[in-house]
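Undergrad: Quick note, the sequences are listed as chains A and B, same order.
By my numbering, the letter at position 74 of the first sequence is numbered 74, and the numbering carries on one by one without gaps.
Plus 360 on top of the position in the second sequence (first one is 1) and you've got my numbering.
It should be emphasised that the hints constitute simulated quantities derived from the structure, not laboratory data.
Positions of the beta carbon are idealized from the N, C-alpha and C atoms, including for glycine.
Treat the hints with caution; some may be incorrect.
Derived pair list, reagent style BS3-like, types lysine-lysine, alpha-carbon separation capped at 30 Å [stated by the list, open to error]:
no., chain 1, residue 1, chain 2, residue 2
1, B, LYS475, A, LYS52
2, B, LYS497, A, LYS169
3, A, LYS169, A, LYS322
4, B, LYS497, A, LYS106
5, A, LYS328, A, LYS360
6, A, LYS203, A, LYS328
7, A, LYS360, A, LYS333
8, A, LYS328, A, LYS169
9, A, LYS60, B, LYS497
10, A, LYS351, A, LYS203
11, A, LYS351, A, LYS333
12, B, LYS475, A, LYS60
13, A, LYS169, A, LYS203
14, A, LYS60, A, LYS351
15, A, LYS106, A, LYS60
So these bits of chain B aren't anywhere near chain A, every CB distance computed over 12 Å [claimed, not checked]:
no., residue
16, GLY423
17, LEU445
18, ILE459
19, PHE506
20, ALA510
21, MET514
22, VAL521
23, ILE619
24, PRO633
25, MET646
26, ILE651
27, THR664
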Amino acid sequence: MAALTLSGCSSTSSSSAASSAAPAASEAAPAASEAAPASSAAPACDAEAVTKFAVVTPEKESDYGWNQQGIQGAQAAGTALGIEADVNSGVGYDNTQSILSQVADKGNQFIIAHASGFSDAAKQVADANDVPVLTMDVDQLEPGKVASVMFDAQEGGYLAGIAAADASKTGTVGIVASAEDVNWFKMSGGFIQGARSVNPDIKVVIAYIGPAGYGDSAGGQRIASQVIASGADVVFGMGDGATVGYLQAIENAPADQNVQYIATIGDVAPIDAKGVAMTSVRWNFADAFQQAIEDVNTCQYGTRNYTLSVANGGLSLQDSPKLSAETKAAVEKATADIGSGSLVVETATTKDAVQALIDK
Amino acid sequence: MSAMLTQQFAVVFIVAVIAGSIPLMLASLGETVGEQSGVLNLGIEGMMLIGGYVAFAVTLASGSFWWGMLAGGIAGLACGALFALLSVWMGLNQIVVGIAITLAGEGITSVLYDKEYSDTSPRLGLPDALSIPLLSKIPAFGESVFSQSAFFWMALAAAGVVAWWLSSTNPGLRNRAAGQMPASLDAAGGSVLRTRSWAVLAGGLFAGLGGAYLALISTGAFTPFMTNGVGYIAIIVTMLSRGRIRWVLVVSGVYGLTIALGTAMQLTTISLPTDVIQMFPFIVVMAMLVIYARGSYVPPALGTPYVRGAR
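For reference, chain A alone in the conformation it holds in the complex (with noise of 0.2 Å):
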């Protein structure tokens, strides 16, 4: 898929992307932050320049998703920076703390601890080795040690949602979530809103592997094929290892149902042989990276949170020539309404408010 004006950014090339979307990132990050104190009131700074900063992931970047934007995002903020990104993908849930350190040890002046679950493990390490680190989706604050990258992922399901309406035929949309996480129930509700402003009529039906299914290949074969099978011609898919399944299922569907598939995070071009994919919600960490290794440099770091969203680029909806002329206008619009305040996409951040939300 290309990049064009949607999204700005592909899996190959997030570093020239995230370079030129910078500015406007930066411009948009105060508004999106939290607490960012002025400037001028910044004490006086004698912190060292961070010239090595590491990103530490659970899984490889070969996920196609979550993993491979988070290094991707880190390799591109190093670039924009002129420094040395340090990637430590695949160290898993186990041990985390000890890792951690020793990534600090290795002389790495910055951490980003490129999963939730890190949070704990990251901030006692900060506390521990002296080390800035960024967390992920959890709202702590510590001056000069710890702050948090956020996401209003409801944003980037709103997008895929109006895509999604837009291109089904059977007037049934479907989602299938690989777990309870409270980003699927984000991107969910966006999604159900953004599809039923194209279509108030429109039918969403939605399954989720389990609590924690993020890498249930076999789970998402099964709950995608019940979501096509109740009538679904797009379906949008969260989770890791599950997309395979969800792509298998999809592939294998009955071909007058000519289902489509809307990804999340990544880029699944690569591993989409058959050409199902219609497009993916874009998330460009790169931007957000960037901001917070500046503000270690400029001693602000800790006072305010990094935020994805729609109005600073850090969510997109990627361009495709799947999307139609229709269908990219009328992102293109809703993006503008949600940058400029005039549209606000309610969040769900339970199972019970997307039900709610369907149900509606």
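Start from chain A and add chain B according to the hints.
TA: This is chain B only, laid out in the frame that chain A set:
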């Protein structure tokens, strides 16, 4: 709810039941043969993963599901041979060896997959369906059950063969004697070690086939840790079935049914936490255990290495 009343949904639902049941049934068949001989194989999860990975890799390379399934079975057999060497012939603790094989299977397949396939995440598509004339035309049921691949029928046939072998053949009776009174078997001229070795090999073969079925037929792909505990559930099914293959079939079927039902319920207006849905099959299995298998009988020599003359 109305979407679930369609024929297409019914077909997919039944296919999902089968897809969930058969890997468990195959693994449970192997575990049953092994446990009846007195060997507790906790390595079944790892054997399934190794069988699944090898089957996936061979299918991908050869383009043939048949070669893949065969390779998966052989890989399981090789794991069984290792288990037999360590636990039967060398007398090492069966529990420790089993857990080691499971951990090794998880690690090896994860590393190999990451190295070979994670960049492309290939899928296999579907095997050719073996449509049974006339029966496959029955709405919903025929389109799902009687339009399965040949592997489905072979799996059911294997269950029949194992049931007959265990209950009606001399080798089957020797197998059970090795688990119940190995010293008597030895005194009667049978070889406990050889009998148990064959049983463990059969267990490995079936575990490998179960993993292969899960990867090739149920999923059409392989991903690390994809068994998600099916190997452990097979051990429970085996304990529950008390060596009776018909119970292996029933409990495996109930497991597949509850798994598929869990997804179907989400598509209705019934909103249940996925934790509950995930627990559903286990609750059902436990309920069946309480109701039907309170006198659950396991071979007295299960898990005990045989040493001639030892008391």
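Undergrad: A separate judgement is required for each hint: does it hold in the structure or not?
TA: Verification of the hints:
no.	hint	verdict
1	LYS475/B to LYS52/A	holds (28 Å)
2	LYS497/B to LYS169/A	holds (28 Å)
3	LYS169/A to LYS322/A	holds (14 Å)
4	LYS497/B to LYS106/A	violated (66 Å)
5	LYS328/A to LYS360/A	holds (26 Å)
6	LYS203/A to LYS328/A	holds (22 Å)
7	LYS360/A to LYS333/A	holds (24 Å)
8	LYS328/A to LYS169/A	holds (18 Å)
9	LYS60/A to LYS497/B	violated (46 Å)
10	LYS351/A to LYS203/A	holds (17 Å)
11	LYS351/A to LYS333/A	holds (29 Å)
12	LYS475/B to LYS60/A	holds (11 Å)
13	LYS169/A to LYS203/A	holds (12 Å)
14	LYS60/A to LYS351/A	holds (28 Å)
15	LYS106/A to LYS60/A	holds (20 Å)
16	GLY423	holds (14 Å)
17	LEU445	holds (30 Å)
18	ILE459	holds (17 Å)
19	PHE506	holds (18 Å)
20	ALA510	holds (18 Å)
21	MET514	holds (20 Å)
22	VAL521	holds (26 Å)
23	ILE619	violated (7 Å)
24	PRO633	violated (7 Å)
25	MET646	holds (18 Å)
26	ILE651	holds (26 Å)
27	THR664	holds (33 Å)
In the structure shown, a violation is registered for the earlier hints numbered 4, 9, 23, 24, in ascending order.
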